[in-house]
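Generate the whole structure from the sequences, applying the supplied hints.
With the first letter of the sequence shown counted as 1, position 38 gets the number 255 in our numbering; the numbers rise by one all the way through.
Hints listed in this document are in silico derivations from the structure and should not be mistaken for laboratory results. Hints are supplied without guarantee of correctness; some may be wrong.
As the list claims (entries may be wrong) - Only pairs whose alpha carbons sit at most 27 Å apart, straight line, appear in this in silico BS3-like list of lysine-lysine:
no., residue 1, residue 2
1, Lys234, Lys244
2, Lys248, Lys234
3, Lys345, Lys234
4, Lys463, Lys370
5, Lys460, Lys370
6, Lys467, Lys370
7, Lys379, Lys248
8, Lys237, Lys345
9, Lys345, Lys238
10, Lys316, Lys248
11, Lys460, Lys379
12, Lys345, Lys244
13, Lys345, Lys379
14, Lys244, Lys316
15, Lys238, Lys248
16, Lys460, Lys248
17, Lys345, Lys378
Stated by the list, open to error - DEER-style ranges, computed between Cβ atoms:
no., residue 1, residue 2, range
18, Phe429, Glu385, 38 to 44 Å
19, Ser410, Arg318, 17 to 23 Å
20, Met287, Tyr236, 18 to 24 Å
21, Ala453, Leu245, 34 to 40 Å
22, Ser347, Arg313, 17 to 23 Å
Fair warning: this is a prediction, and the values are worked out from it, not measured in the lab. Even for Gly, the Cβ is constructed at its ideal location relative to N, Cα and C.
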Amino acid sequence: MKDYEINWEIGDIIKVKLYKKGLDLKKLDLKEPLIIQGFSGIGNVGLIAVRHMLTEARARPLFEVMNLDMPSVAFVENGLFTDWGNIFSVMVYLWRRPKGRDVLFSCSYTQPLTPLGSNIIAHVLLRKLSDMGVEDLVSLGCFGTNNYVRNPKVYVSATSKKVLNEFESIPNVIALRDGRISGLNGVMPLLASSYDMLGVSLLAEGLSRISFNPRSSKALIEVLNAHYDLNIDTGALDVYSEKLEKEIEKLRMRLPTEPEGIVEPRAGQDQIDSYYT
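This is the structure we're talking about:
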């Protein structure tokens with residue numbers, strides 16, 4: 218029997234693609250960096266919010282992390298294998314601000330297929346973010362509702378009571394009393410404290426049955442603007458919201474809007490066993 222030690226980490230088998238040759242993530246000299254992340258989920262609310270913000274901020278791609286927890290299938294076209302694994306990658310972007318804190322954005326159009334996959338990719342990402350000196354991690358998602366909500370509330374969870382109170386002081390933001398947040402949207406802020414970061418989850422109310430909820434995405438950005446002074450313009454989301462609401466109005470008998478004065482069940486009211494993402 219050979220007397221040797223195998224010394225490797227799971228991060229060593231997950232590819233991290235840098236978008237600038239020779240880039241050293243530990244030497245970026247960022248100003249009190251925070252990261253805002255959004256992944257596919259209910260209504261794609263968090264993903265759309267992050268994509269909108271990084272576009273408005275003209276953030277530049279920094280690196281991507283390949284997600285190995287993907288279907289074990291190969292696609293062939295005209296006799297050649299098609300490389301489709303990149304759609305499972307998690308992309309990270311950087312917005313260097315002239316004033317104020319630097320901001321990183323993280324997003325992906327898919328999520329790991331299993332809990333193990335979510336935990337692995339979370340630790341790999343958090344390790345990289347820790348190397349970059351990230352201080353706050355804010356995860357964006359959706360609090361699913363049965364009706365369309367024109368003025369979405371935003372539910373906050375945090376790893377710090379002080380931070381929780383700060384967000385609760387923002388109009389339209391309330392603490393999520395009970396529930397479970399699935400996927401990377403829940404795992405990442407939960408594990409953030411293990412890497413000396415503050416973890417925050419923001420969930421905007423949004424209709425569960427549609428994949429595009431710009432009104433909810435806007436609500437998340439407004440909270441971030443208020444707390445971090447980001448000044449991200451949301452005008453484009455207003456335009457999309459108006460178009461969507463016109464279509465909903467046409468279908469209001471099948472998809473009614475939330476009646477005035479009627480409050481939908483909130484977290485903690487018969488939704489303790491619900492999932493939010």
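Now the hints, each set against the structure:
{"no.": "1", "hint": "Lys234 - Lys244", "result": "holds, 17 Å"}
{"no.": "2", "hint": "Lys248 - Lys234", "result": "holds, 23 Å"}
{"no.": "3", "hint": "Lys345 - Lys234", "result": "holds, 12 Å"}
{"no.": "4", "hint": "Lys463 - Lys370", "result": "holds, 21 Å"}
{"no.": "5", "hint": "Lys460 - Lys370", "result": "holds, 21 Å"}
{"no.": "6", "hint": "Lys467 - Lys370", "result": "holds, 25 Å"}
{"no.": "7", "hint": "Lys379 - Lys248", "result": "holds, 22 Å"}
{"no.": "8", "hint": "Lys237 - Lys345", "result": "holds, 16 Å"}
{"no.": "9", "hint": "Lys345 - Lys238", "result": "holds, 17 Å"}
{"no.": "10", "hint": "Lys316 - Lys248", "result": "holds, 9 Å"}
{"no.": "11", "hint": "Lys460 - Lys379", "result": "violated, 39 Å"}
{"no.": "12", "hint": "Lys345 - Lys244", "result": "holds, 12 Å"}
{"no.": "13", "hint": "Lys345 - Lys379", "result": "holds, 26 Å"}
{"no.": "14", "hint": "Lys244 - Lys316", "result": "holds, 20 Å"}
{"no.": "15", "hint": "Lys238 - Lys248", "result": "holds, 22 Å"}
{"no.": "16", "hint": "Lys460 - Lys248", "result": "violated, 39 Å"}
{"no.": "17", "hint": "Lys345 - Lys378", "result": "holds, 26 Å"}
{"no.": "18", "hint": "Phe429 - Glu385: 38 to 44 Å", "result": "violated, 28 Å"}
{"no.": "19", "hint": "Ser410 - Arg318: 17 to 23 Å", "result": "holds, 19 Å"}
{"no.": "20", "hint": "Met287 - Tyr236: 18 to 24 Å", "result": "holds, 21 Å"}
{"no.": "21", "hint": "Ala453 - Leu245: 34 to 40 Å", "result": "violated, 29 Å"}
{"no.": "22", "hint": "Ser347 - Arg313: 17 to 23 Å", "result": "holds, 19 Å"}
Of the hints listed earlier, those the structure fails to meet are numbers 11, 16, 18, 21, in rising order.
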